[in-house]
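Assemble chain B with the ligand onto chain A, guided by the hints.
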Amino acid sequence: MPKPYLVCRSDELKDGDRRVMSCDGTEVGVFKVDGQFVAWHNECPHRSGPVCQGRMYKRVLEPIDSDGHVRALAYDENVTNIVCSWHGYEFDLKTGANQGTDKIKLRKVKLEEKDGHIYVVV
Amino acid sequence: MNQPVVGVPQMLPAQVIDTSTDSREILKHARVAARRRNLQDWFVVDVDAHHVETVSWNEVVQYIEDPVIRDQAIYFHKDRIGAPPYGLNGDLGLRYQSVGGRIPHQDGLREKVDDVSVHRDVTLTRRAMDSLGVDNMVVFPTPMLFLGLHPQPEMEVWLSRAYNKWMQEKLLSADNRIKFLAVLPYNTPEEAERVVKETAGKKGIIGYAIPSTRHAPVHHNKYMRLYSMIEETGMPLSFHAGYHWDDPSLKTVNRFLGMHALGFAWPNIVHCTNWILNGMPVRFPKLKVIWIESGIAWAPFLMQRLDDQFLMRPSEAPHLKRLPSEYMRDHCWYTTQPMESNNLKALECTLDMIKADTQLLYASDWPHFDFDLPSEITDLPFLSEQTKRNILGLNAARIFNLDPTPVKQL
Ligand code: FES
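Chains as they are written, first to last, in the numbering used here: chain A, 1 to 122; chain B, 1 to 410.
Chain A extracted, bound-state conformation:
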């Protein structure tokens, strides 16, 4: 039976904050990113590594100029990636999509916001 777990008050999490927790053995990561709450299983689709405990980076880009040249790398300020610390797989924190292939995705956890509190249902 799915059961709700109280994570914290909604205002406790600022952009870039997270709570990674065990809900009676099921590990879940809750994040606030660009004003939005998201929740993922703390299990990387690669080899089940602790993906939600990884560092966050803006997605890396390599802009090409009108001559087809590249000069420097850049960050995409609109996409925050969570990076699994085991082997470096990168996932868009908002959509769960892997940067390298759309065949690999993080597994979503149901998240509810009620009366100023965040719950995950697992």
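No wet-lab data here; the hints were simulated from the structure.
Worth double-checking, as some hints may not be accurate.
Claimed, not checked - Straight-line distance between alpha carbons at most 27 Å, and here's what the computed DSS-like set of lysine-lysine pairs gives:
| hint | chain 1 | residue 1 | chain 2 | residue 2 |
| --- | --- | --- | --- | --- |
| 1 | B | K203 | B | K170 |
| 2 | A | K32 | B | K28 |
| 3 | A | K110 | B | K28 |
| 4 | B | K28 | A | K108 |
| 5 | B | K345 | A | K105 |
Claimed, not checked - Pair ranges (Cβ atoms, derived):
| hint | chain 1 | residue 1 | chain 2 | residue 2 | range |
| --- | --- | --- | --- | --- | --- |
| 6 | B | L250 | A | S66 | 28 to 34 Å |
| 7 | A | V70 | B | G279 | 46 to 52 Å |
| 8 | B | G279 | A | S66 | 55 to 61 Å |
| 9 | A | A72 | B | G7 | 44 to 50 Å |
| 10 | B | D246 | A | Q36 | 44 to 50 Å |
| 11 | A | H46 | B | N274 | 33 to 39 Å |
| 12 | A | L73 | B | P84 | 23 to 29 Å |
| 13 | A | L73 | B | V68 | 44 to 50 Å |
| 14 | B | E385 | A | D34 | 43 to 49 Å |
| 15 | A | Y75 | B | W245 | 24 to 30 Å |
| 16 | B | D246 | A | D11 | 52 to 58 Å |
| 17 | B | T358 | A | D76 | 48 to 54 Å |
| 18 | B | Q97 | A | L73 | 16 to 22 Å |
Nothing here was measured: the structure is a model prediction, and the numbers come from that model.
Just so you know, even glycine gets a beta-carbon here, dropped at the ideal spot from N, CA and C.
Relative to chain A, chain B with the ligand alone:
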């Protein structure tokens, strides 16, 4: 309708994993995976894991036998601020394995260790073994793998010998589960022979390692006595791959990803080609050779290339009475890591071609960024349980003469 009961979650101790996180926490999911697959009852040998010997370089240099060089090393470390490890060559700052901190365990395991009764690396190795589900772990050095390109061949001798001694005293004497392939100063064959003479039969030493990153011809006559001596011991000889960005063939590769992908396969491809075409398996039929840390996808590539060319030019490889691929299949062993597993059909074909049932040995390469878990073998859909057990430990037990009783604490 009753309101559902609201649960209280437990926050994990490490919200963000970094270089100070306990490796048991980093690898907690690996331990769960091993328990779920009942690996407690499987004998698992990790034929290639690493420690960072330069963390203990102050200690290692004390074991340099030459008194003058030893003093130079000690003063170097005492007086020079921010000096790199004495005597080591290599790529210094070009170590981008962690992708800018994205994979922190590759940059350092700075976790707390309270047990002072054994060397810190013993504790870290025990933590890794019990987290991954490994009974015996073969420990390799890391920056020393470049020593084959050192401009001073003497330095390879001094440092390899010092390291071998330090390893015996600090790690091998402390834990029977830790195993070691003594490092050969291969650029000086008579010194490599001396290492074999001095270390055969010593506690924890189960074979020999040649760091592959070097431009030495493995078929040269000057090495024949060395191979014969190793064959005599019954222990395997391994070639541990490593990249080197100064390799002219890699100089145009500007991404670490590309350099690492090619660089770790290339030296073993070259050495294995020379090994086979010069008939080493014919000359030393009982010598067991292991190709380490090149993954395994290169093996079918090389088998096909060599067979194709050999049949057109057999007079250039007159020792061979069978196809090169048959020698690669029957006389060579391979470690799994980093196992290329994105295309299972290709992997199945690879395992079949190298006769994985008897020739493949599990390796984790922990704590490097492309480490593999034992579950990558147990989860393969096309292997029998017996073949999985062979790859994970029983093949190693056979060639290294290990007791295949599981002793780990999962
Ligand atoms: S387990 Fe996450 S990147 Fe491998």
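>> If I claimed the Cβ atoms of G279 (chain B) and S66 (chain A) lie 55 to 61 Å apart, would that claim hold in this structure?
In response: Roughly 58 Å apart at Cβ, these two residues keep to the hinted range, so it holds.
> CA of K345 (chain B) to CA of K105 (chain A), is that 27 Å or under?
Replying inline: Roughly 22 Å separates the two Cα atoms, so the pair holds.
> Taking 16 to 22 Å as the hint, is the beta-carbon distance of Q97 (chain B) and L73 (chain A) inside that range?
Replying inline: The hinted range 16 to 22 Å holds for Q97 (chain B) and L73 (chain A), with Cβ atoms some 18 Å apart.
> If you check the beta carbons of D246 (chain B) and Q36 (chain A), does the distance land in 44 to 50 Å?
Replying inline: 47 Å, holds
> Does the hinted range 44 to 50 Å hold for A72 (chain A) and G7 (chain B) at CB?
Replying inline: 48 Å, holds
> Quick one: are T358 (chain B) and D76 (chain A) within 48 to 54 Å, going by C-beta?
Replying inline: Since the Cβ atoms of T358 (chain B) and D76 (chain A) sit about 49 Å apart, the hinted range of 48 to 54 Å holds.
> Quick one: are Y75 (chain A) and W245 (chain B) within 24 to 30 Å, going by C-beta?
Replying inline: 26 Å, holds
>> K28 (chain B) and K108 (chain A) were given as a pair; does the straight-line alpha-carbon distance stay at or below 27 Å?
In response: 21 Å, holds
> Honestly, do L73 (chain A) and P84 (chain B) meet the 23 to 29 Å range at C-beta?
Replying inline: Roughly 27 Å apart at Cβ, these two residues keep to the hinted range, so it holds.
>> If I claimed the Cβ atoms of V70 (chain A) and G279 (chain B) lie 46 to 52 Å apart, would that claim hold in this structure?
In response: Since the Cβ atoms of V70 (chain A) and G279 (chain B) sit about 48 Å apart, the hinted range of 46 to 52 Å holds.
> Are K110 (chain A) and K28 (chain B) close enough, with their CA atoms no more than 27 Å apart?
Replying inline: 24 Å, holds
>> Just to be careful, I want the Cα atoms of K203 (chain B) and K170 (chain B) compared with a cutoff of 27 Å; is the pair within it?
In response: 12 Å, holds
Of the numbered hints listed earlier, not one is contradicted by the structure.
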